[in-house]
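Q: Chains as they are written, first to last, in our numbering: chain G, 1 to 112; chain R, 1001 to 1116.
Be aware that one or more of the hints could be misleading.
Mimicking SDA-like on lysine to any residue, the simulated pairs with C-alpha atoms at most 20 angstroms apart in a straight line are [unchecked claim]: (1) G:K45 with R:M1027; (2) G:K99 with R:R1009; (3) R:K1003 with G:D39; (4) G:K99 with R:N1084; (5) G:K42 with R:L1041; (6) G:K45 with R:G1016; (7) R:K1055 with R:L1078; (8) R:K1013 with R:S1075; (9) G:K42 with R:D1038; (10) R:K1003 with G:S72; (11) G:K99 with R:L1041; (12) G:K2 with R:Y1064; (13) G:K99 with G:D39; (14) G:K99 with R:K1013; (15) G:K42 with R:R1044; (16) G:K45 with R:K1055; (17) G:K45 with G:N27; (18) G:K79 with R:K1055.
Under 10 angstroms between C-beta atoms, here's a sample of chain R residues computed to sit facing chain G [as the list claims (entries may be wrong)]: (19) G1016; (20) F1020; (21) T1083; (22) F1107.
Hints are computed from structural coordinates only; laboratory data are not their basis. Here a beta-carbon is modelled for each residue, glycine too, at the ideal position from N, C-alpha and C.
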Amino acid sequence: RKEVEQDPGPFNVPEGATVAFNCTYSNSASQSFFWYRQDCRKEPKLLMSVYSSGNEDGRFTAQLNRASQYISLLIRDSKLSDSATYLCVVNRPVGGWGKLQFGAGTQVVVTP
Amino acid sequence: DVKVTQSSRYLVKRTGEKVFLECVQDMDHENMFWYRQDPGLGLRLIYFSYDVKMKEKGDIPEGYSVSREKKERFSLILESASTNQTSMYLCASSSRGGGQLYNEQFFGPGTRLTVL
């Protein structure tokens, strides 16, 4: 089983619609969670951190469910520019140093 | 703006060649990382460094080595390139916070390496 699993998609979303997708993680000791965004042929960039209470950044909402070990990302009022691959990132405590474990990504395609 | 640069965007090498990939960051970050990214597998950590001359193995260190002689520079070395090392290689850096590696990672543009 992969440590971080994501639905690869693609999620085809009409412009203006809402899309949501999840990411599951296997290590219950993980404490830090992030969503990164990667545009086609570009490097990943941090979209947002995910906090225990859930957090919002404009049209983006991230949630954490520790009991079921998943995080989610919801995008409201989708824009064409939201088309990208969204990478779920979870820390994996290993000894005294945490490593970041990246999921393979969920592709979102926003269509006019 | 944080800037992470990598020496080449595209590289073609032959099996058995020694390959050097260079990464430079200009934000005085303590931590630096090398990943490879393959379709369906996501980013996999090869090596990371939390200080000059310090290095730790990641998940897939076999066939690779690294060097960090200066804080701003982290080099990935393929001692004897093989075709299964054909991949996109991404370098990243982050500041150290609370002794952990959880701070935002800033990535370079990547080097697409093809080994023939």
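Q: If a hint holds in the structure, say so; if it does not, say that too.
A: Results for each hint:
At most 20 angstroms may separate the alpha-carbon atoms for a hinted pair to count; G:K45 and R:M1027 meet this at roughly 16 angstroms. The suggested pairing of G:K99 with R:R1009 is violated, with an alpha-carbon distance near 26 angstroms, which exceeds 20 angstroms. Proximity of R:K1003 to G:D39 is assessed by CA-CA distance (about 17 angstroms); at most 20 angstroms being required, the pair is judged to hold. Between G:K99 and R:N1084 the alpha-carbon distance is near 24 angstroms, which puts this suggested pair outside the 20 angstroms criterion.
Simply put, G:K42 and R:L1041 have alpha-carbon atoms about 17 angstroms apart, close enough for the 20 angstroms limit, and the pair holds. Pair hint G:K45 plus R:G1016 does not hold up; C-alpha atoms about 34 angstroms apart against a cutoff of 20 angstroms. Straight-line distance between C-alpha atoms of R:K1055 and R:L1078 comes to about 16 angstroms, which keeps the hinted pair within the 20 angstroms bound. Between R:K1013 and R:S1075 the CA atoms are separated by roughly 17 angstroms; this keeps the pair inside 20 angstroms, and the hint holds.
Annotation: proposed proximity of G:K42 to R:D1038 holds, straight-line Cα distance about 14 angstroms (limit 20 angstroms). Simply put, R:K1003 and G:S72 have alpha-carbon atoms about 29 angstroms apart, too far for the 20 angstroms limit, and the pair is violated. Under the criterion of a C-alpha separation no larger than 20 angstroms, the hint pairing G:K99 with R:L1041 is consistent with the structure, at around 17 angstroms. Between G:K2 and R:Y1064, the direct Cα distance comes to roughly 23 angstroms. Violation of the 20 angstroms bound is thereby established for this hinted pair.
Between G:K99 and G:D39 the CA atoms are separated by roughly 23 angstroms; this puts the pair beyond 20 angstroms, and the hint is violated. A C-alpha spacing of about 30 angstroms is found between G:K99 and R:K1013, which places the hinted pair above 20 angstroms, so the restraint is violated. Restraint check for G:K42 and R:R1044: the C-alpha separation of about 17 angstroms stays at or below 20 angstroms, so the hint holds. Between the alpha carbons of G:K45 and R:K1055 the distance comes to roughly 24 angstroms, so the proposed pair goes past 20 angstroms and is violated.
A hinted pair counts as satisfied when its Cα atoms are at most 20 angstroms apart, and G:K45 with G:N27 does not qualify at roughly 24 angstroms. Our distance criterion of 20 angstroms between C-alpha atoms is broken by G:K79 and R:K1055, whose separation comes to about 41 angstroms. Restraint check, R:G1016 versus chain G: the minimum CB separation of about 29 angstroms is more than 10 angstroms; hint violated. Annotation: interface hint on R:F1020 violated; nearest CB of chain G at approximately 20 angstroms, more than 10 angstroms.
The interface hint given for R:T1083 is broken, as the beta carbon of that residue sits about 22 angstroms from the closest beta carbon of chain G, more than 10 angstroms. Annotation: interface hint on R:F1107 holds; nearest CB of chain G at approximately 4 angstroms, less than 10 angstroms.
Comparing the model with each earlier hint shows violations of hints 2, 4, 6, 10, 12, 13, 14, 16, 17, 18, 19, 20, 21; every other hint is respected.
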